[in-house]
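Use the sequences and the hints to build the structure in full.
Chain residues, written in single-letter form:
Number of protein chains: 2
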Amino acid sequence: MSNITLEEIGQRAKSAEAVLRVLPASRKNKALQTAADYLMANMKMILEANSADVDEAKENNMPPALVDRLLLTEARIAQMAEGLRQIAELEDPIGEVLSMKQRPNGLLIGQKRVPLGVIGIIYESRPNVTADAFGLCFKAGNVVILRGGKDAVHSNYAITRTLQDALLKCELPQDAISLITDTSHETAEKFMRLNDYVDVLIPRGGAGLIRTVVERATVPVIETGTGNCHIYVDESADLDMAVEIIFNAKTQRIGVCNACESLVVHEHIKDKLLPRLLQKLKEKHVEVRGDEASRSVCSDILSATEEDWGTEYLDYILSVKTVSDIDEAIAHINKYNTGHSEAIITKDYGNSQKFLDGIDAAAVYVNASTRFTDGFEFGFGGEIGISTQKLHARGPMGLKELTSTKYIIYGNGQVRP
Amino acid sequence: MSNITLEEIGQRAKSAEAVLRVLPASRKNKALQTAADYLMANMKMILEANSADVDEAKENNMPPALVDRLLLTEARIAQMAEGLRQIAELEDPIGEVLSMKQRPNGLLIGQKRVPLGVIGIIYESRPNVTADAFGLCFKAGNVVILRGGKDAVHSNYAITRTLQDALLKCELPQDAISLITDTSHETAEKFMRLNDYVDVLIPRGGAGLIRTVVERATVPVIETGTGNCHIYVDESADLDMAVEIIFNAKTQRIGVCNACESLVVHEHIKDKLLPRLLQKLKEKHVEVRGDEASRSVCSDILSATEEDWGTEYLDYILSVKTVSDIDEAIAHINKYNTGHSEAIITKDYGNSQKFLDGIDAAAVYVNASTRFTDGFEFGFGGEIGISTQKLHARGPMGLKELTSTKYIIYGNGQVRP
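As you go down the protein sequences, you meet chains A and B in turn. When the first sequence is numbered by my numbering, its final residue is 422 and no position is left out of the sequence of numbers. When the second sequence is numbered by my numbering, its final residue is 422 and no position is left out of the sequence of numbers.
No wet-lab data here; the hints were simulated from the structure. Among the hints, a few may not be true.
As the list makes no split between identical chains, a pair holds if one copy fits it or if it spans any two.
Stated by the list, open to error - Below are the BS3-like pairs computed for lysine-lysine, each with C-alpha atoms no more than 30 Å apart in a straight line: (1) Lys352 / Lys117; (2) Lys340 / Lys174; (3) Lys106 / Lys405; (4) Lys117 / Lys106; (5) Lys35 / Lys285; (6) Lys155 / Lys285; (7) Lys359 / Lys19; (8) Lys117 / Lys19; (9) Lys289 / Lys340; (10) Lys117 / Lys287; (11) Lys352 / Lys35; (12) Lys19 / Lys174; (13) Lys405 / Lys117; (14) Lys359 / Lys117; (15) Lys359 / Lys289.
Next up, the structure:
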């Protein structure tokens, strides 16, 4: 691994940016296909590099679940290659003119979609992010600078070199992707302040990583956050549907940001809903923690504390809050949610609209599971993360969210009076 | 002025946010009209408060140009009121559904425009910003927290109280606008890190203020930057048009971010263009600083240094760089520009397209003056500033740029397989 400085990485990224800015879709797609071929061809080399990381992780007594995140297999590398091929098939977002209008003075002013420029990705120990993040950023005409976790540095380097070789083969600048191999905290801090070269930082990982990046970065950050997601069961809900949706949102996959963590239930239906729901949740041994009103219905419900309302369990645990009307439900959810995904189960038209309008979150559902909040389910063909901030992008970030715009103005000699 | 803490201001802003999020346009427009009436009715009180600021500024030997920025007159207050009335006439951006598509599983997924939430504005000594910023933010459904300059604190307080009274009259939360009257640096620093309550910070002022905010804030910032704007005169340019446009972009108003600071000229036309241009620029006593090639044409041109290429003069000074082709022009501009406004003067179709694609800036012009980059000229009816960053908003920021989106999803019982 070379001893190139962060400053040099930034300069080279800027040079590559000028090439990618005007690169036609056909050449980008060819490069993505070639990169997929190279990943398959270099499989042995990548697996060897990954073995070095995995061995070191085991020596350092990394917990098995984390070792599994780090581990690459032939199938996982094939998946990375297939991911790049799928990105090649997606429509290129660059160059679309979002609007064009003629002003009274004859100026024709249009707004055109362009790449963001240089995107910095700071991530933890999943080596597949290296190829996935490159694929999406590159397709949208962006250069990426990656700073992966220390644990995965050999794997990330092997993948990055493979992708760079593919770029060279396609007569494109290899600096369209670069990896910061110095995984020290000092270098990470400098990277977060590399405003001269980096247009945006996207942290991908746990809450701690994201908090650090938001706290320290001077480069603009897109925050991809945690999900303390609620389902509110309205008085008029179809209870069969409610039970199915809650069961799905809570248990279909527990460790993900769009899983349901908290149930909010109208007091008039708690007696009918809760016993049936608890029966169903027993299939997956879900622990339920509720307020007094819910515990008066089911003795199986443990006592919830104030802390429970704000907790993203990522586990087989569900909190239950009883409310006397939809306004109380909306106020409770807006107080404790993390701006991710929230759902109402109702048959009432007015309440569905009230919930859609009143809830402040990236995705608000009527009569569906919160588990649909992701780029594939939304039809974006992929995603770089789910933004829980309101600036630039909110919700699943696909190719369009990796772009900016510029105004293009056609004149014929106009001057300002 | 009250001793309310920043934390309390934040909490109150959040309460007001819930009301503004769902406020219909008719009520917002009524409040803006009422606010305009109140500004006119409170004119005497506002002028008295302003006198206190102006007297203090004079005692502290503030330069006359800055005292003038601080000064309010009956006409200037009437302008502020008129500005609010104009904003009331603009179309409400909130609620627009940008797209809605049905997924194969029947989910109907739409993207709806919603307010950003709580917007923090940090500005210097122009008291009119208090009303202008409130008007645009409020119309887009946002709460504003203002932190104006120390010099203008009495004026800002008088204007804020007037706007708050108008809100109360309209039975709306007065906390839709609040002013931080503690103008200490410590409080400003805390404000920039008030992530629990503030969704975005917009600094409005000089380069120093903007740098400080970008450097210190943990709240997401929209950078409104400086403009080192270029005009490139291509080999095929209509020289009459070139002279008119350069004269306009340089001299129509010198202290603004979209004024032309640097001329880039194709070497084949420098002999024809420069003498005519210099003749015209003499009308306004513009000093011209150029490279060797340009000085060989006109002995009036002073010698430019490397520093000139990167300088935003905001004065009757223009730098001149000679290039041998359009590629060199694009490379030079992309190296030294600040991402604001850049123009080409040409008759050549291919070069016009190449320039529009290749230049990395918020606004790229063909055959027109760079002075058009502002929200009024672009037809937005107003602007809160001109963004020179690529995240969220680029170019003039009108009402739409003060919004976010959320996904609204209509289901009928969908769960994720």
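Each hint tested on the structure:
In this assembly of identical chains, the alpha carbons of lysine 352 and lysine 117 lie at most 30 Å apart only when taken from different copies (22 Å versus 42 Å within one copy). Proximity of lysine 340 and lysine 174 under a CA criterion of 30 Å is satisfied inter-copy only: 28 Å between copies versus 53 Å inside one chain copy. In this assembly of identical chains, lysine 106 and lysine 405 lie within 30 Å of each other by CA distance both inside one copy and across copies; the values are 22 Å within and 16 Å between. Proximity of lysine 117 to lysine 106 under the C-alpha cut-off of 30 Å is found in both arrangements, the shortest distances being 12 Å within a copy and 23 Å between copies.
Proximity of lysine 35 to lysine 285 under the C-alpha cut-off of 30 Å is found in neither arrangement, the shortest distances being 50 Å within a copy and 52 Å between copies. In the homo-oligomer, the alpha carbons of lysine 155 and lysine 285 never lie at most 30 Å apart, since the shortest distance is 42 Å inside one protomer and 62 Å across protomers. Taking the closest pair of Cα atoms, lysine 359 and lysine 19 come within 30 Å of each other only across two copies (19 Å); inside a single copy the shortest separation is 47 Å, beyond that limit. Proximity of lysine 117 and lysine 19 under a CA criterion of 30 Å is satisfied intra-copy only: 21 Å inside one chain copy versus 35 Å between copies.
In this assembly of identical chains, lysine 289 and lysine 340 lie within 30 Å of each other by CA distance solely inside one copy; the values are 29 Å within and 59 Å between copies. With identical chains, the CA atoms of lysine 117 and lysine 287 are never at most 30 Å apart, being 53 Å at best within one copy and 38 Å at best between copies. In this homomeric assembly, lysine 352 and lysine 35 never come within 30 Å of each other (Cα to Cα): the closest approach is 50 Å inside a single copy and 35 Å across copies. In this assembly of identical chains, lysine 19 and lysine 174 lie within 30 Å of each other by CA distance solely inside one copy; the values are 20 Å within and 54 Å between copies.
When the C-alpha separation of lysine 405 and lysine 117 is checked against a cutoff of 30 Å, the pair qualifies both within a copy, at 12 Å, and between copies, at 16 Å. With identical chains, the CA atoms of lysine 359 and lysine 117 are at most 30 Å apart between copies only, with a shortest distance of 14 Å across copies and 35 Å within one. Taking the shortest Cα distances, lysine 359 and lysine 289 never come within 30 Å of each other, neither inside one copy (33 Å) nor across copies (60 Å).
In summary, the numbered hints that this structure violates are 5, 6, 10, 11 and 15.
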